[in-house]
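There are 2 protein chains.
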Amino acid sequence: MTYKLKGVFMVVNESDFKVEGVKQDYKQIVDAIYKEKVEGISGYFELPYDANEIEDLKKYYKQTPFLQMVQKIAVVGIGGSSLGTKAIKAMLEHKNPTGKELIFFENSDPIDIDKKLQTIDKNNSVILLISKSGSTIETISIFKTIVSHLEIDLNQDTQNIITITDKDSPLDKLAHKHGFKRFEIAKNVGGRFSVLSAVGIVPLFLGGYDVESLLEGAKEEMDKFFAYECEALVNKAIFFTQNKEKYPIHVVFAYSSVLKSFLKWYIQLWGESLGKIDKAGNHVGFTPVGLIGSVDQHSFLQLICDGPQDKIVTFIQIENFENSLKVPEIKLEFLEKTDYINSHSFQTLINSQAKATMQSLKEQNIPVDSIVVENLCEKEIGKLITYYELLTSVSGYLLQIDSYNQPGVEKGKTILRGMFDDR
Amino acid sequence: MTYKLKGVFMVVNESDFKVEGVKQDYKQIVDAIYKEKVEGISGYFELPYDANEIEDLKKYYKQTPFLQMVQKIAVVGIGGSSLGTKAIKAMLEHKNPTGKELIFFENSDPIDIDKKLQTIDKNNSVILLISKSGSTIETISIFKTIVSHLEIDLNQDTQNIITITDKDSPLDKLAHKHGFKRFEIAKNVGGRFSVLSAVGIVPLFLGGYDVESLLEGAKEEMDKFFAYECEALVNKAIFFTQNKEKYPIHVVFAYSSVLKSFLKWYIQLWGESLGKIDKAGNHVGFTPVGLIGSVDQHSFLQLICDGPQDKIVTFIQIENFENSLKVPEIKLEFLEKTDYINSHSFQTLINSQAKATMQSLKEQNIPVDSIVVENLCEKEIGKLITYYELLTSVSGYLLQIDSYNQPGVEKGKTILRGMFDDR
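If you read the protein sequences in the order shown, they are chains A and B. Mind the numbering: the first sequence is residues 1 to 423 in our numbering, read in order. Mind the numbering: the second sequence is residues 1 to 423 in our numbering, read in order.
Just so you know, these hints were derived from the structure itself, not from any lab. No experiment lies behind these values; they were computed from the predicted model shown. Even for Gly, the Cβ is constructed at its ideal location relative to N, Cα and C. Some hints could be false.
[To be verified] Covered stretches of chain B (chain A as the covering partner; in silico rule of three or more C-beta atoms under 8 Å from a C-beta of chain A): (1) 306-313; (2) 329-338; (3) 403-414.
[Said to hold, decoys possible] No more than 30 Å apart at the CA atoms, straight line, and that leaves these computed lysine-lysine pairs for DSSO-like: (4) A:K100 with B:K115; (5) A:K122 with B:K331; (6) A:K167 with B:K337.
Go ahead and model the full structure; you've got the sequences and the hints to work with.
Structure follows, in C-alpha cells:
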C-alpha cells in the first residue's frame with residue numbers, strides 16, 4: 001500500500017512509504033489509542049480540551065500587578081519540564097512584540113547558571129519552578145542558588161515564585177507551606193508529553209504567547225485523529241515498526257534555524273518514549289537525529305547518502321516564513337554561477353534546498369516523507385506537536401511497549417546519590 | 001587486549017574497550033597515517049606547524065587601525081567554514097575580556113539572517129567571507145545581502161572585507177580584483193579539517209582569542225601521535241571498526257553547555273569523513289550523536305539504556321570549570337532528600353553526574369570511554385580537536401575509505417540548480 005496525502009491538513013504529509021501486508025486495519029489502531037485515552041493510560045490526550053487551567057492562570061495574572069510588570073520569566077526545569085516550552089518559544093519569539101523574555105535554567109553547568117543569574121533580578125523576574133516529581137536535583141539546586149543570589153525571602157517574596165508540579169509532591173508541599181502560586185501536573189501526564197499542560201502553558205502565557213490558539217491547534221489535530229482522518233500518520237508508524245531492523249535511525253531534517261529546539265523536544269519524545277524493553281524482552285526503539293537545513297547539508301548529508309543505509313528521513317519545511325528578505329540583484333565578477341538565486345527570496349532558496357535534498361535522497365531509495373508547516377503561529381505549532389505525540393503513541397502501541405514511562409534512568413541517579421553518601 | 005590509559009595526557013582516556021585479535025601493530029597504523037602526512041593526502045597534519053599565517057595576520061592587523069577598532073566580526077561561512085570556529089568560540093567566550101563579538105551567518109533561513117543583520121554596521125564590523133570552493137551558494141547570497149544592507153561599496157570599503165578561500169577560486173579572484181585582504185586555504189585541507197587553518201585562526205584572532213596557544217596544543221598532540229605515544233587513540237579506532245556492525249552509533253556525551261557547538265563540529269567530522277562507500281562497494285561509517293549532560297540524561301539516556309544496544313558512548317568532562325558557584329546551604333522543608341548536594345560546587349555536581357551515568361552504562365555492558373579536558377583554554381582545545389581529527393584519520397584508514405572527500409552531496413546541488421533553471 002502506498003499512500004500520498006497532500007494539502008488536506010495544515011500539516012501536510014507527502015510520503016512514498018510502502019506499507020506491506022498490513023494485518024491490522026488502521027481504524028483498529030486508532031481505537032486502541034482511543035482506549036488509552038478513555039482509560040487514562042496517559043493524560044496528554046485530554047490537555048487540549050482543558051480550559052480551566054487557562055482560566056485560573058488568567059485570573060491570577062489579573063489579580064497580580066507584579067506578574068503583569070515582570071520582563072523576565074525564569075523557567076527552572078529540565079527535560080520534559082523545559083524542552084517543549086523552549087521549542088515553542090524558539091519558533092515564535094521573532095514575532096513576539098511584548099519584549100518579555102523566557103530564560104531557561106536547566107543544566108547543572110556552573111558557567112551556564114552563572115551567566116543566566118546575571119540576567120535576572122527580584123524586581124522584574126518571576127521564577128517558575130517546574131518539576132514533575134518535585135525533587136529533581138538540578139531544578140532544586142538551581143532554585144536554592146537563585147534564592148540565595150536574588151536574596152529571596154521565601155515567606156515574603158511569594159509573588160516571585162510559581163510552582164508547577166505533581167499534586168502533593170515535595171515541591172507542591174513546600175509551595176503550599178509558603179503560599180506560592182501552584183499549578184498541578186496531572187499524575188498521568190509524563191514530562192515529555194506535558195508541554196500543553198501548565199508546564200508549557202504558564203510560561204508561554206506569561207511570555208506573551210497565545211496559548212489558546214496553541215491548544216486550539218492541538219484540539220483540531222487530536223479530533224481529526226480520533227475521527228479516523230489521520231491514516232497517513234498511522235501508516236507512517238506501521239512503516240517505522242515494520243522496518244525497525246532495517247531502519248533503526250529516524251532523522252528529522254528541519255529547514256529553519258528556529259526549529260532547533262523543536263528537534264530537541266522531538267528527540268526526547270521519540271528516544272525516551274520508544275527506547276524500551278518490549279514484552280518479549282527485546283531492546284526496541286529508534287535513534288532520533290535532528291538536523292537543521294540548509295546548514296546540515298554541509299555536515300551530515302554525506303553520511304545519509306553514502307554511509308550505512310539505516311535511516312529514514314522526515315523533512316520539515318515552513319511554507320511561509322512571513323519574511324520577504326531577498327537575495328539582492330548584485331552581480332559579482334567570477335561568481336556569475338551564483339546569480340541564479342538573485343532576486344529570489346531566502347524563503348524560496350531554503351525551501352528549494354529542502355525539496356532538492358529530499359529529491360536526491362528519493363533517487364537513492366532512501367525512505368523520506370515531508371511535513372509542511374503552513375506558517376509559524378501558535379495554532380500550527382499546536383498541530384505539529386500533537387501530530388508527533390500521536391505518532392509516538394501509535395508507534396509505541398505497535399512496538400508493544402509502555403511509551404509513557406522511563407525505567408532505565410534510575411540506576412544513574414542511585415549511583416550519584418551514593419557518591420555523596422560516601423563523602 | 002584491554003587498555004587503560006589515565007592521567008598521562010591532558011586529554012585523558014579511560015576506557016574498557018576490548019580490542020581483540022589485532023592483526024596490525026598499532027605502530028604500523030601510525031606509520032600509515034604518517035604516509036598520508038608526508039604525501040600530502042591531507043594538509044591538516046601540517047597546520048599546527050605553520051606560523052607564517054599568524055605572522056601575516058598580525059602584520060595586517062597592526063597596519064589596519066579599523067580592524068583593531070571593530071567590535072563585531074561577522075563570519076559568513078557554512079559547514080566546515082564555520083563549525084570549528086563556533087565550537088572554539090563557545091568553549092572560551094565566557095572568559096574573553098575583549099568584548100569583541102563573533103557573529104555567524106550560515107543558514108539560508110531568512111529569519112536567522114534578518115536577526116543577525118540588525119546587529120552589524122559598516123563602522124564597527126568586519127565581514128569574513130569563508131568558502132573553500134569560493135562559490136558556496138549560501139555564503140555568496142548572504143554576502144550580497146550584507147553588501148546591500150550595509151551599503152558597502154566594494155571598491156571603497158575594502159577594509160570591511162576579508163576573504164578566506166582556495167587560491168584562485170572565484171571568490172579569491174573577486175577579492176584580488178577589489179583589493180580585499182585575502183587568506184588562502186591549502187588545496188589539500190578540506191573544510192571539516194580546516195579549523196586550524198586561516199578558516200579558524202583569522203576569526204578567532206580577531207575575536208581576541210590566543211591562537212598561538214591553540215596551535216601549540218595541537219602541535220603537542222600531533223607530535224605525540226607521530227611519536228607513537230597515542231596507542232589508546234589507535235586502539236579506540238580499532239575497536240570502533242572491529243565492531244562496526246554491532247555498534248553503528250557513536251554517542252559523545254559532553255558534560256557542559258559550552259560544548260554544544262563542539263559536538264556539531266564532531267558530528268560533521270565524524271559523519272562526513274567516515275560515511276562513505278568503501279573499496280568493496282559497501283556503505284560504511286558511523287552515525288554520530290552529540291548529547292549535553294546533565295540535560296540529556298533527562299531526554300536520551302533511557303534510549304541508550306533500554307533501547308537497541310547499538311551505541312558506544314564517549315563521555316567528555318571538564319575537570320576544572322574555573323567557576324566556584326556552589327549550591328547554597330539552604331534546607332527546604334519536604335525537600336531534605338536534595339540536601340546531599342548542599343555546599344558542594346556545581347562543578348562537583350555535573351562531574352559526579354557524568355561519572356555516575358558512565359558507571360551505570362558500564363554496569364549494563366555498554367561500551368564507554370572518557371575524555372577529561374583539564375580546563376577550558378586554547379591549548380587544551382587544540383589538543384582535543386587534534387585528537388578527534390587523528391581519530392578520524394585512523395578510523396578512515398581502517399575502514400579503507402577516503403576520509404577527506406564528500407562525493408555524496410553533489411546530486412542535491414545539481415537538482416537545486418535545475419529548479420531555478422526551469423523558472
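Status of each hint after checking the structure:
With 6 residues carrying a beta carbon less than 8 Å from a beta carbon of chain A, the region 306-313 of chain B meets the three-residue requirement, and the given coverage holds. Note: the region 329-338 of chain B has 7 residues with beta-carbon separation from chain A under 8 Å; the three-residue rule is met and the coverage holds. For the region 403-414 of chain B, the proposed coverage by chain A is satisfied: 7 residues have a C-beta within less than 8 Å of a C-beta in that chain, meeting the threshold of three. Annotation: proposed proximity of K100 of chain A to K115 of chain B holds, straight-line Cα distance about 17 Å (limit 30 Å).
A threshold of 30 Å between alpha carbons decides the hint, and for K122 of chain A with K331 of chain B the separation of about 21 Å falls inside it, so the pair holds. This hinted pair checks out: K167 of chain A and K337 of chain B have alpha carbons roughly 18 Å apart, not beyond 30 Å.
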